[in-house]
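S.K.: Protein sequences appear in the order of chains A and B.
Residue numbers for the first sequence follow this note's numbering, so the first one is 1 and each next one is one higher.
Residue numbers for the second sequence follow this note's numbering, so the first one is 1 and each next one is one higher.
For the record, the hints were derived by calculation from the structure and aren't laboratory data.
The beta-carbon is built from N, C-alpha and C at its ideal position, and this holds for glycine as well.
Warning: the hint list may mix true and false statements.
Looking from chain A toward chain B, a few residues come up when the C-beta cut is under 8 Å (computed) [claimed, not checked]:
id: 1; residue: M149
id: 2; residue: V152
id: 3; residue: V171
id: 4; residue: A176
id: 5; residue: L309
id: 6; residue: E340
id: 7; residue: R344
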Amino acid sequence: MNEKMESVLKAISARGPLEADTSVKGASAYRVQTELFGHAARVMKDQGLRLVAEWAADETLFGRGFAVFAAYAIDGSYLVIKAELPVDDPTFQSLTRHYGAAFRFERQIESLMGLTPAGHPDPRPWIKHEDWPRDAWPLRKSFDAAKPMERVSGEYQWVRAEGEGVFEVPVGPVHAGIIEPGHFRFQAVGENIINLETRFGYVHKGIEKRFEALSWPQAVRLAGRVSGDSTVAHATAFCMALEEASGCVIPERASYIRAIMMERERIANHLGDIGAICNDTALAFLHYQFSILREKVLRTNKAVFGHRLMMDSVCPGGVLKDIQVASIDLMLEEARSVSEEFERLIRIYENNPSMEDRLYNTGVLSPEIAKAIGAVGFVARSSGQALDVRKDTGYAPYAKHCPKVPLLSSGDVHARAWVRVEEVRESYRLMKEFIGSLPSGPIAAEWGPPQPGASGFSAVEGWRGEVVYWVSCGPDGNINRCMVRDASSVNWLAIEQAIHGNIVPDFPLCNKSFNQSYSGHDL
Amino acid sequence: MLRILHQIFRTGIVTEPLDTEAEARVTIVGRELEKEVLERFRRSLTIRFVDSGSCNGCELELVAVNNPLYDCERFGIHFTASPRFADMLLVTGPVSRNMEIALKRTYDAMPHPKMVVALGDCAFDGGIFGESYASLGSVGNVVPVDAYIHGCPPSPEEILKGILKAVSGC
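Input sequences plus hints: build the corresponding full structure.
M.R.: Structure follows, in structure tokens:
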């Protein structure tokens, strides 16, 4: 624990008791009295900690009531603060006044668990569409998840802008292209956007509740399908949380293979997205060129790991698929040929004035706002926030192979694209380094379910950014609650901020430059 | 500009013939396809795509179907932004409760004759998400499906072959 953490804990305990919670593994955890939950957040804010996630759990199976959790981070250390709430008065102090990121976390807690964040500025449900029964709180243990829900009537209250010449453009949930569903509502005057309001929840499949009905091995499969494009990151983060909770130490070779897959996932997605950004500026030529490179990477994945997206390759205790000598040659050859083509394409990208015209100063997310909403991943790194879990916590094997983290501060579409250009280069460098120092030995360790009541916290750097899991084991040895926080859960807040001052036709380009997951957000 | 032209000539044509060995796993169900449908769709097929709750894995492979190596347009297959122009509704994911109405509306907005192809294991039976308060499971529970293409996700090759198989009705 670092000095900062100690001074934070001292400041919180000055107002009331702070009790260490040793049942949580993978992060420092403390219980506070309900009245101090908000106070703790204020102290954290003053000390410059970032709010990572806020969630609730139903602990009635343990003979307790509800619990609300907030996870904070600074300098690679994670701190979890828990407050217990009685069943008959499940109210807690809203943290939104201190942290913008809490805005949607708390709407979600209220919608799905039925706990009230006192002092929250926006009482509208989130994820829970208006046609759900009011008292349907799926994350409560008393809720029967197998039963279909009836539809009731209701209407979502949109933020309105009025005045001469103001009109609305509703977009979605079904979009023009091959993308996921979500609703965007613009208020505009002419082409200029006055306000954008997003509304999600369309792909809510009840993932967090589903975890509670699955065995641990099945749960890994589910984690791998929270967001298909980040399957390795999610499966790894889930397994790390489980391994923390059960005290399982994975073999070194397994951590290297996981990291190789994570870097390959990053490369494949960045290649696709850089191309898609070019497509949205009408430079279809580069889109097709980058998609050829992406296809090469996916084909190598198929040959090496047996699946183009590397789904179901990670298991509790390690990985399922070992890397053979022939596979190493394949990956190195791909790294050589793709990098060479990539550099050629980037020269064209850099020297194209029409690209420059569209990408620079478009969709600016200022460093101040990025910090205020708790943005993570390449979105944060394009807006001056030097956050990268690989470097910050140095989870295996990154402590031994420290990544160079690119950092830009202009926060525009160009920055978000360029950070990814640098990351493709860096990921190939890391992948070659991992292959060069791949330790020998087994690829998986024995593991068992955690002790009842134990929980594990984990964070990894997926290609979009920080992916966080917290999984707790119930009295019967199965999952009691699994909290999933994809990078998208916080980064989606950014698009509404970045779009101010832009024109409606630039929205697809801005949105593509963020490319957040709808499925990872809606869960 | 010279660099672009140079790169185009360097790349050449990369489109590959469909692998004859790869077999798409397709389940043809529901009504007998009308002769008229088959005749109309054989040369040009316009698809309206809807993600009704997918994890986005199927979308990645569906995007890949459009890349130069698979180039679906050579078979006359092309994706449209409007259901009004569509011959086929291609659906991925289990149908989430929150997408049910949007999916039905998209189906209703399409002109006759129309066919529905459900893509991926989740669209077949709900997959790992199953049926719950939030998931209605199979696409067939919400709109009449003509064919299911299996896989998690199906590869671009399987998707292309599956679509062609669904259109030829065998």
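S.K.: Are the hints correct? Go through all of them and say.
M.R.: Results for each hint:
1. M149: holds (5 Å)
2. V152: Cβ of V152 (chain A) sits 12 Å from chain B, so the hint is violated.
3. V171: violated (12 Å)
4. A176: OK, holds: A176 (chain A) within 8 Å of chain B, min 4 Å.
5. L309: Interface hint status for L309 (chain A): holds (6 Å vs cutoff 8 Å).
6. E340: violated (11 Å)
7. R344: With a minimum Cβ separation of about 6 Å from chain B (threshold 8 Å), the hint on R344 (chain A) holds.
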